[in-house]
Amino acid sequence: MPLHHRPTRTAAHPAIIRVLHWVWVYAIGCMVFSGWEIYNASPSLPFSFPRWTGLGGWLGGALAWHFSAMWLLALSGVIYLAYGLASGHFRRDLGIPTPRAVVRDLWSALTFRLGHRIGRYNAVQRLLYLGVIGALLLQVVTGLAIWKPVQFGALVSLLGGYPIARNIHLTIMFLIVAFVVVHVVLVAIFPRTLVSMIVGVPAEPGGRA
Amino acid sequence: MNGLRRLPAVKFKDIQPELRQLQRRGFLRNALSLGGLALLTGCDLSTNSGVDAALQSILRFDDKVQAALFSGRRLAQTYPPSAVTRPFRFNAFYPEWQVRGIPDGWRLEVAGSVSEKTSWTVAALRTLPQVEQITRHICIEGWSQIGRWSGVPLRAFLQRIGADLRSPFVSFRCFDGYSTSIDMASALHPQTILALDFDGQPLAPEWGAPVRLRIPTKLGFKSAKNLQAIEVTRVFPGGFWENQGYDWYSGV
Chain Y
1 MPLHHRPTRT
11 AAHPAIIRVL
21 HWVWVYAIGC
31 MVFSGWEIYN
41 ASPSLPFSFP
51 RWTGLGGWLG
61 GALAWHFSAM
71 WLLALSGVIY
81 LAYGLASGHF
91 RRDLGIPTPR
101 AVVRDLWSAL
111 TFRLGHRIGR
121 YNAVQRLLYL
131 GVIGALLLQV
141 VTGLAIWKPV
151 QFGALVSLLG
161 GYPIARNIHL
171 TIMFLIVAFV
181 VVHVVLVAIF
191 PRTLVSMIVG
201 VPAEPGGRA
Chain Z
210 MNGLRRLPAV
220 KFKDIQPELR
230 QLQRRGFLRN
240 ALSLGGLALL
250 TGCDLSTNSG
260 VDAALQSILR
270 FDDKVQAALF
280 SGRRLAQTYP
290 PSAVTRPFRF
300 NAFYPEWQVR
310 GIPDGWRLEV
320 AGSVSEKTSW
330 TVAALRTLPQ
340 VEQITRHICI
350 EGWSQIGRWS
360 GVPLRAFLQR
370 IGADLRSPFV
380 SFRCFDGYST
390 SIDMASALHP
400 QTILALDFDG
410 QPLAPEWGAP
420 VRLRIPTKLG
430 FKSAKNLQAI
440 EVTRVFPGGF
450 WENQGYDWYS
460 GV
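Quick note, the sequences are listed as chains Y and Z, same order. Note that the numbering used here numbers the first sequence so that position 33 is 33, with each residue one more than the last. Note that the numbering used here numbers the second sequence so that position 168 is 377, with each residue one more than the last.
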């Protein structure tokens, strides 16, 4: 018990999480938009991204951005995972929700009856955050596979070969972008959450345990 | 030790052209897209060169990481003949109708830190040991195709011409105006070959006649076609695409 004792005015999101959040906005933005430019060089599916959305200006520039921003994403990811495990953030805030809780909270959300308490994640939020963390980890793995298909040959085989691995990398990108869209829409509905991700505001009553 | 002492020191004038090419590299040309603008707010767009320099230094770091990940023993996956891509896609920095035939009196020239600088005919190259591979050619653009090549392992060729295998770079110049270069460790990889045949036939001009590099541990643009000269060197040689900003190491 003493281990879990915290001052009652703990920030809803600790400074490290707030900093990491905005690092991710930049890093994931760089990865997605340069990735679109790279994809456009030779689309594997019958569509391409609007040219003006690309980052880098041409394939060489886009690859330079992609292979630079990947370090920022990897480094911030490692810091986050280490912090999450060491601080108890994962155990406390991101426990895997039960299906029953997800259904309950999703229903409340869809009928606009789900309260939002800053500093505490409901079951749907936890599912989304766990999902995007998993997607980002998978994206690193599939990215390594298509960056180094010879050096990580076993990984590429596991993913079904180089062309399929490339499309898996593309598909996971769409899942991450879908998360971002849902996330931003929810922030637009609850603008207070935006403030709490910039400055340290106290967790709301019934929030952070 | 003697070999090292024989090497001349690199003078500024020796690397001047390379330095000029490095300065010409631009990652942000035509980069004023919305994605670029949105992500660069806070940066002064008039100092693009600063962003370029940062990206270039990270790419040089990436090259070191790639060299560390590379293993001279790890082989690219090979495929059965039935997996060969047909029709095979033509690719160059020019369209197919501009493909050049073999120049009269063509010989493969060797230069740099090698003890035997005699040039080579195709017939002479065919007297060296030959190996065949069916491997995946992966383009920097993301597409890939499986092809069948055979020819002389570059390692055997470099040993035959008495190349200084401690030189860091092997550079390739082509008679179609193309050029590229690779690191010595990759040059000595068992699947790096001077290909003479494609799909069981002597190379046709569009596939790189009379000799091309085939290196399945690098992106496709490193497999230079229509070779004219090979140079073993200590001076960073760059290359056609590398000088425009493609990552130099480009290993896969």
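One should not assume that every hint holds.
[Claimed, not checked] Here are some of the chain Y residues that sit facing chain Z, going by a computed Cβ distance under 10 Å:
#: 1; residue: Arg18
#: 2; residue: Pro43
#: 3; residue: Pro46
#: 4; residue: Phe47
#: 5; residue: Gly56
#: 6; residue: Trp58
#: 7; residue: Leu63
#: 8; residue: Phe67
#: 9; residue: Ser68
#: 10; residue: Tyr83
#: 11; residue: Gly84
#: 12; residue: Leu137
#: 13; residue: Ile146
#: 14; residue: Ser157
Since the hints were derived computationally from the structure, they do not count as laboratory data. Positions of the beta carbon are idealized from the N, C-alpha and C atoms, including for glycine.
Consistency of the hints with the structure:
no.: 1; hint: Arg18; result: violated, 18 Å
no.: 2; hint: Pro43; result: holds, 8 Å
no.: 3; hint: Pro46; result: violated, 14 Å
no.: 4; hint: Phe47; result: violated, 14 Å
no.: 5; hint: Gly56; result: holds, 6 Å
no.: 6; hint: Trp58; result: holds, 6 Å
no.: 7; hint: Leu63; result: holds, 6 Å
no.: 8; hint: Phe67; result: holds, 5 Å
no.: 9; hint: Ser68; result: holds, 4 Å
no.: 10; hint: Tyr83; result: violated, 25 Å
no.: 11; hint: Gly84; result: violated, 26 Å
no.: 12; hint: Leu137; result: violated, 20 Å
no.: 13; hint: Ile146; result: holds, 8 Å
no.: 14; hint: Ser157; result: holds, 8 Å
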